[in-house]
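The sequence shown begins at 202 in the working numbering and counts up one residue at a time.
Heads up, some of the hints might be wrong.
[Claimed, not checked] Taking lysine to any residue pairs in the SDA-like style, the calculated list, with each CA pair at most 25 Å apart, reads:
id: 1; residue 1: 288; residue 2: 299
id: 2; residue 1: 236; residue 2: 247
id: 3; residue 1: 250; residue 2: 235
id: 4; residue 1: 288; residue 2: 303
id: 5; residue 1: 316; residue 2: 327
None of these hints come from the bench; they were simulated from the model.
Since the model is a prediction, treat every value here as computed from it, not as a measurement.
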Amino acid sequence: MAAKKKPGNARSGRQQPLSRRQAAQGSADMSFSLKDMDASFEERARRHKQALEEHHQSRAQEFELHLHNRVIASRRSIAGRRATRIKRLAELIQRRAEIESLILAHVERLNDSCKRVAGDLQVLVNSAGSHLESP
202 MAAKKKPGNA RSGRQQPLSR RQAAQGSADM SFSLKDMDAS FEERARRHKQ
252 ALEEHHQSRA QEFELHLHNR VIASRRSIAG RRATRIKRLA ELIQRRAEIE
302 SLILAHVERL NDSCKRVAGD LQVLVNSAGS HLESP
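Using the sequences provided together with the hints, build the complete structure.
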């Protein structure tokens with residue numbers, strides 16, 4: 202069985218060539234449409250460029266804001282660590298003063314003990330010397 206052909210133009214998939222009149226009329230329309238297309242293209246390019254600039258400006262502002270927030274957070278963190286270190290240093294200074302006062306108290310007690318022992322020793326030496334002198 203033979204395949205049936207569609208009725209109509211044999212070149213249905215392609216454009217038909219233009220007549221001279223259509224070509225002449227089309228060239229005038231084409232020059233007008235080229236100008237329109239050129240203006241349309243320029244307008245589209247201008248809008249695209251403007252949109253890109255706005256997007257870039259928006260992203261730059263977002264980045265600056267993010268950077269500003271990071272700087273503030275870093276400064277707060279540094280200030281917090283500094284305050285902690287100062288507090289710890291104050292505690293260490295206080296502890297050092299307590300230890301120094303304990304050491305001073307121990308040294309005074311040792312000095313008093315040494316004086317007492319030296320006095321007792323002097324008494325013993327004197328009493329031993331008096332026992333040796335008297336026969």
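Hint check results:
Restraint check for residue 288 and residue 299: the C-alpha separation of about 17 Å stays at or below 25 Å, so the hint holds. Distance check on the hinted pair: residue 236 and residue 247 sit about 16 Å apart at the alpha-carbon level, within 25 Å; holds. With a C-alpha separation of about 22 Å, the suggested pairing of residue 250 with residue 235 holds against the 25 Å cut-off. For the hint linking residue 288 to residue 303, the alpha-carbon distance of about 23 Å falls within 25 Å, and the restraint holds.
For a cut-off of 25 Å, the pair hint linking residue 316 to residue 327 stands: about 16 Å separates their Cα positions.
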